[in-house]
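Kindly produce the complete structure, drawing on both the sequences and the hints.
Taken in sequence, the protein lines are chains A and B.
Numbering (this note's numbering) for the first sequence: 1 to 474.
Numbering (this note's numbering) for the second sequence: 1001 to 1212.
Errors might be hidden in some of the hints.
[To be verified] DSS-like mimics (lysine-lysine), calculated; alpha carbons at most 25 Å apart, straight line:
id, chain 1, residue 1, chain 2, residue 2
1, A, Lys402, A, Lys371
2, A, Lys217, A, Lys178
3, B, Lys1195, A, Lys10
4, A, Lys378, A, Lys333
5, A, Lys49, A, Lys94
6, A, Lys168, B, Lys1195
7, A, Lys88, B, Lys1041
8, A, Lys48, B, Lys1041
9, B, Lys1195, A, Lys169
10, A, Lys94, A, Lys48
11, B, Lys1041, A, Lys168
12, A, Lys10, A, Lys169
13, B, Lys1194, A, Lys169
14, A, Lys48, A, Lys95
15, B, Lys1041, A, Lys49
16, A, Lys10, B, Lys1041
17, A, Lys95, A, Lys49
18, A, Lys49, A, Lys88
19, A, Lys402, A, Lys378
20, A, Lys10, A, Lys217
21, A, Lys48, A, Lys88
22, A, Lys168, A, Lys10
By construction, these hints were calculated from the structure, which means they are not laboratory data.
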Amino acid sequence: MTSARTLFDKLWDRAVVVPETDAHPAVVFVDLHVLHEVTSSHAFDALKKRGWTVPHADRTLAITDHAVPTSPRSADGRWTFSSGANEKSVELLKKNCAEHGIRVFDLEHDLQGIVHVVVPELGLTWPGSVVVCGDSHTSTQGAYGALAFGIGSSEVAGVLATQTLLMKKPRSLNVDLKGSSLPRGVTAKDLALEVLATIGVGGAQGGVIEFTGSALKGLSMDERMTLCNQSVEAGARTALIAPDEITLADLAARSGVPQGAAFERLSSEWLNLRSDTDAHYDEQWVVDVSRLTPRVTYGTLPALSVSVGEPVPLRPPAGCHLNVWQEGLEHMKLHGGAVLSDRPVQHVFIGSCTNGRLSDLRAAAQVLRGKTIADGVKLWVVPGSRSVKRAAEREGLDDVFKQAGAQWREPGCSLCVAMNGDFIPAGTWCVSTSNRNFAHRQGPGSCTLLASPLTAAATALRGRLTDPREVLPS
Amino acid sequence: MSFIGWTQWTGVPVIVSRDNIDTDQIYPGRFLSLTDRAEMKEAFFADWRLRPMGEVNPDSPFTPSQSVLVAGENFGCGSSREHAVWVMADWGYRAVLARSFAPIFRQNALSNGLVPIVISAEMLSFCEENRNSILNMAIDLQSLSVTVFGHGSSCLQTFSFELDPFDVHCLRNGLDTLSFLRSHADTIDSFVSKKRSQIHSLNVFNSGGHAP
Chain A
1 MTSARTLFDK LWDRAVVVPE TDAHPAVVFV DLHVLHEVTS SHAFDALKKR GWTVPHADRT
61 LAITDHAVPT SPRSADGRWT FSSGANEKSV ELLKKNCAEH GIRVFDLEHD LQGIVHVVVP
121 ELGLTWPGSV VVCGDSHTST QGAYGALAFG IGSSEVAGVL ATQTLLMKKP RSLNVDLKGS
181 SLPRGVTAKD LALEVLATIG VGGAQGGVIE FTGSALKGLS MDERMTLCNQ SVEAGARTAL
241 IAPDEITLAD LAARSGVPQG AAFERLSSEW LNLRSDTDAH YDEQWVVDVS RLTPRVTYGT
301 LPALSVSVGE PVPLRPPAGC HLNVWQEGLE HMKLHGGAVL SDRPVQHVFI GSCTNGRLSD
361 LRAAAQVLRG KTIADGVKLW VVPGSRSVKR AAEREGLDDV FKQAGAQWRE PGCSLCVAMN
421 GDFIPAGTWC VSTSNRNFAH RQGPGSCTLL ASPLTAAATA LRGRLTDPRE VLPS
Chain B
1001 MSFIGWTQWT GVPVIVSRDN IDTDQIYPGR FLSLTDRAEM KEAFFADWRL RPMGEVNPDS
1061 PFTPSQSVLV AGENFGCGSS REHAVWVMAD WGYRAVLARS FAPIFRQNAL SNGLVPIVIS
1121 AEMLSFCEEN RNSILNMAID LQSLSVTVFG HGSSCLQTFS FELDPFDVHC LRNGLDTLSF
1181 LRSHADTIDS FVSKKRSQIH SLNVFNSGGH AP
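Structure follows, in structure tokens:
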């Protein structure tokens, strides 16, 4: 008799090549390895030093996203990088990939974009597979029921050389999402912030979170990706959601999956990927989605958030040390009881692997249509990929943004990682749909408030933190 | 990446009484385009050592002689950037003593000869309370112990820690995991052909440039 297993247990067992023993961790197979320009060059160097090749270049894909400019090409078709080092890092990736026969989606390729936006939109994130990338937000792809791990550069070298990862099995965690649908004006980003507030900043440390519950039926793949994306901010190794009809409907239309009978065969296999009813999780939390409100962060950790309109709490939440809480408030120049909407917001950023997909842009456009952003506010809209950009332009969303006074930019990580020349000046506030509000993350001295695309757009209209329900067309 | 194995290390600690020190603090994003390890050194806790306009921050806890960092919970959270570990190693660090570690940082540290040591709340309090009398710390990977020394080589405290035998073996011998993984190449090959043969292929994207 076999004991009940979680979805994670099943995916793990399928992927283990050499089981874990007292003497060493498990060797885990990687179905798809995604590279970008920032975390791969030292890995290629490590291979070169040993004279090794990449045996599975056909399971490896490189995309440029972190260092690339988001300002448009010049009239003669050239891209202007913010620094020679950024341009060099892209050239180095292309050179390394050419040497090993690895496909690259660079700025000249019309499938380029942020890795965690591009890979799922191509249909390459297969349920039950293992996807890794030298980027912590690889967890985004767990939304498809894949085991998606962010890894370091040394591990990238290991995957390049052997298509495997050395890993001890993480613990199994569960967040049960009760309720049926998100209330009006509330998005998956607000749900993600609520989940982080519930678990706490390190509460899921080293674990794999499986999201379950009735509310999943009301969440699209884009929304599930936003949720899984932010889960690493609770310390999780990754997050995942069992494939269902919503997953299959999404995948059916994508180029990376086979059509016809082959897809039917895969579909029935994928639908079997679910936790057994009496499976054991090491830790569980419950979040009721029907009670959610738009949320915003006020400190320098994604887990520290309040409902938009609520003052900064007078005390840190349970599990957060007083000094951590105080340091965050100090950086933001806030205090317990402060009203966030009292302060002007100078920058609004809509984009990133968390909220740079078409549905996010549609949500923002819904708020901005026919309106103009407040004086003194800079609003940047950065689509997550070229495909997202094309689709948005087909719908005329670019015109909505431009007429509102926003900058409609080129795809990339942009103000989320702030390494490509895009940055927020010291002392100014940025309401951002990205994933991290760490001190200085968006530039030295920058202050970040994480919020949904709806809240970000509403804030751009008023120049102060605004509840989107006040401005959404009824 | 490659590093020189070690068994004993004695170094001056910097005691940073903070939780959740993220990799953006250790290695700010704007330095990520650097590929040369020597150039990367300026990124080390740049926003702590320097003020936004570039002047030296007199409140910075860091000095060049330090090589052991003591911190609170969830050290190394955030981005997976191994640059955070490289820059610590290149500043001479060999150990981080923290209440807990973010998983990717922990693995990155082990890959570079920086030992992640989990300490108890009592040990962290001891370090914080005695920060002015602690001169250095001796870390021993054979006995898995840390000895805290004060002035005049007086031993203030000794405590033990846990580390998997595999990690200890790699740290002491300067081994990353590449060779271990490569030693299983045949098993991996047979796994691919038996269990992962018909999984997805990138060949549909050979032509490039078509919109899905």
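Q: Could you tell me which of the hints above the structure violates, numbers in ascending order?
A: Violated hints (numbers, rising): 11 and 16; every other hint is consistent with the structure.
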